[in-house]
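Trainee: For reference, the chains in residue letters:
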Amino acid sequence: MEFTVQQIAEAVGGTVEGEATRRVAGLAKIEEAQAGSLTFVANPKYEQYLYTTQASVVMVARSLVLRHPVAPALVRVDDPYSAFTKLLEFYAQATRTNKRGVEEPAYLAATATVGPGHYRGAFSYIGEDCRLGANVQVFPHAYIGDRVTIGEGSVIHAGAKIYADTVIGRFCVVKAGAVVGTDGFGFAPQPDGSYRPIPQIGNVVLEDYVSIGANTTVDCATMGSTLVREGTKIDNLVQVAHNVVIGRHTVIAAQTGISGSCKVGDYCVMAGQVGLVGHIAVADRTSIAAKSGVQKSITQPGRSVQGYPALDLRDSLRALVVYRQLPGLLHRVERLEQAANAPEKP
Amino acid sequence: MEFTVQQIAEAVGGTVEGEATRRVAGLAKIEEAQAGSLTFVANPKYEQYLYTTQASVVMVARSLVLRHPVAPALVRVDDPYSAFTKLLEFYAQATRTNKRGVEEPAYLAATATVGPGHYRGAFSYIGEDCRLGANVQVFPHAYIGDRVTIGEGSVIHAGAKIYADTVIGRFCVVKAGAVVGTDGFGFAPQPDGSYRPIPQIGNVVLEDYVSIGANTTVDCATMGSTLVREGTKIDNLVQVAHNVVIGRHTVIAAQTGISGSCKVGDYCVMAGQVGLVGHIAVADRTSIAAKSGVQKSITQPGRSVQGYPALDLRDSLRALVVYRQLPGLLHRVERLEQAANAPEKP
Amino acid sequence: MEFTVQQIAEAVGGTVEGEATRRVAGLAKIEEAQAGSLTFVANPKYEQYLYTTQASVVMVARSLVLRHPVAPALVRVDDPYSAFTKLLEFYAQATRTNKRGVEEPAYLAATATVGPGHYRGAFSYIGEDCRLGANVQVFPHAYIGDRVTIGEGSVIHAGAKIYADTVIGRFCVVKAGAVVGTDGFGFAPQPDGSYRPIPQIGNVVLEDYVSIGANTTVDCATMGSTLVREGTKIDNLVQVAHNVVIGRHTVIAAQTGISGSCKVGDYCVMAGQVGLVGHIAVADRTSIAAKSGVQKSITQPGRSVQGYPALDLRDSLRALVVYRQLPGLLHRVERLEQAANAPEKP
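For the protein sequence lines, the chains are A, B and C, in the order given. Following the numbering used here, the numbering of the first sequence begins with 1 at its first residue and continues without gaps. Following the numbering used here, the numbering of the second sequence begins with 1 at its first residue and continues without gaps. Following the numbering used here, the numbering of the third sequence begins with 1 at its first residue and continues without gaps.
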């Protein structure tokens, strides 16, 4: 896929300076760009690269005044970052996500229905009574169990497993290898010390614009629904246990674990490897630092917490400063004790 | 799937109070139950919901004395919780796990044998010389390598991978995306600083009633067997390294990691995100709190430990209390030092 | 697969003592070896087992002087450990990795090419314009997206997913369920608090002899490449985020997470459940203890660090020693305060 500088300028509403017929085959950061690629300068800090880059084309602000001659062709636009992002999206769609139609063999239960414009990759599986909306993409080896519904424009990536009765909204992304809706980890201890599984008959509901990371697991509820609300983005290898509710537009980084029946608010941010114990609530706009362990509900919105147990960020940072000095502190206490026990100086 | 109140009462040995012909289509918790659903009250704390619930039917104790009139039909039983659990199990079987027969295309090596009553989903793979018992279910995209044996009634979920020579007992569950029996992480450092893989020719043995969580990984032994004994339940995204032995009826929560050659006892409980270093032993009935890091063997049975390094739970909690006060403690030491160095008061 | 003692001796250049016609069917550690198996003694600590083992054959050093009569046949070699490792490799190849040819149904895009000697398992998927070298093995349910190149002798295990444009070198291993090259976790916050995905159009490059663990995730770069350099070995359930670069011959244990844009050096060792915050650098030959959280770049090569925040190993161990004594330390400070405030003794 190649475009001329002129074609790109027209696509982003820009003006060409230099060779309009040059051809571009890829996008790159300016510090890494090679011949044949298009890049941009938005931040003045990166302007220096403009005079040394190998890129064939650079998008720059209309207002930029060149301090030296430049080798690449320029496309002048109002906002180079926005224009570049638009091209990125276009490029990503053209090369990665333009799949349509059916690759055989693919399994579609007789009672399932799929909307227009869909993609079903080879070896994809769609079970009984499923309802898939328009333009849904189901990549190879994806498993969609019985009675699942998936809204318009959602993408189920390679080898993702969506278990029975899951409800997925519009424009969601479930990445490769994610497991959504499998049985929660619920066992009743028996008198002899063994465990008997508690049937998990609930489901998982993902509202619109939710993203579930690669190899992440989201368990179905015991009864009712494990719920991830609109716009929430979950990274790779995250555990979301049964009966959890996660609010809107919350972001959860990789390898975090959310125990059963937690309620997480809207607009929260959890960094990586965080853990929440079961049955707690986290208020809206809470920010939780990496590796923190949250053991109690956070009831006041907008707090930042860190550590295990999770403290207010400021308290945690202050405690960590002293933690590093612990051997010295012990030594100081020992000296005080020696002084206190020493015979009175004359 | 719908039942009348009368049918349910007969199934659980109960007595109907109210409309015996009402129909029920689902099960729910009493605080969330909608019209058409059946629920129960076992705990007196929840009795209040009985007078306001939308549920069509509620199972209650024979001894319960109503304090107000109720809208739902009642089914009186000896033990409402047990009766409800029985219905849950019945419901789960009827709707989720009643798969039988073969969906094509499915791959079955010529030398493999499968017992009566089995299910093999579309795109399931069963390798050479496998032996699968009666009523084994192999969901779509499950991979069963060569020479694997699986006992009666076990379920291998969608996209689980069972590598060569694994032995799985009766009534086990391997959840979606789990990887059992892949090569352990063993490398011999070479003089030039590179690493050469050490062949891993052992296997994994899961005894009866073991449950392996979604996307969990259990590596095969270098030689001999990585062993998970009877009734042990392992949650999602857990790592079990090569040559590990886990005892009977132990429970391991999500994202815990057990390093190579560890020996874990019977009736242990590990919470989430726990880590064990390699080559240690954990005694029977040990309880390990979430996020703990265990660096030494725990030899005395029945202890509770927490933290990193893992301390006795009581010691850990006491240390954490002081940890929170560290900045204050530093300040107090500074004041003592000032007082000690101050000129004698007159 | 059975061999005689004589055949084994010839294969490893050894000399038989005892019955050269005995047959051997497996390999084992000497403390676990059963009749019919071959084992070895290299470490004098294990010599004691030589006189009690059930093994049929034991490889021992030519120089070993027997202190008692032995039951097994012996094969005397220069270096029993090396000879045994050679047999292990031979055994592993013969039983586990000798797959060749194509099992149907398998999906191969019309524009893809595969080298001689390859294996494509049933339900494997190879997309448009892929280039696979000689002797590449693609196990069942593996997904290879468009334009992926895979070098000679590499193995893609069951259900691994390799996304578009990934470049894999020679003699790499990608274990079951690993996800390589899926979109990174990049979102631009919008004025209304929601997030918009930033297209990720880069790729992943694995150089030669790289190993990626089961269910590990390696995200593609936003632009350019996420890079894992030659010989690096990554364990199970590890997260490698977008734009990360990992140097040569580095070893990363299970459940570790490396955040976006980190640069990790050569010959590093990371234990399990380590976390690195984004955009930091880790110098060559750094060793990071289990569960550590690294928040700042480590610029000096060859350091060992531990803890959260990661301190020099020695400092961390000293701080941990005092941490355990915190309740006692608090008590000592309280006593000093009481003494300081007490009325002067007469």
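If you are wondering where the hints come from, they were derived from the structure by calculation, not from laboratory data. There could be a bad hint or two in this list.
To be verified - The list that follows gives simulated cross-link-like pairs (lysine-lysine, DSSO-like), each with its CA atoms no further than 30 Å apart:
no., chain 1, residue 1, chain 2, residue 2
1, A, Lys296, C, Lys296
2, A, Lys29, C, Lys45
3, B, Lys263, C, Lys45
4, A, Lys45, C, Lys45
From a predicted model like this one, the values you see are computed outputs, not experimental measurements.
Trainee: If a hint holds in the structure, say so; if it does not, say that too.
Mentor: Results for each hint:
no.: 1; hint: A:Lys296 to C:Lys296; verdict: holds, 29 Å
no.: 2; hint: A:Lys29 to C:Lys45; verdict: violated, 58 Å
no.: 3; hint: B:Lys263 to C:Lys45; verdict: holds, 22 Å
no.: 4; hint: A:Lys45 to C:Lys45; verdict: violated, 64 Å
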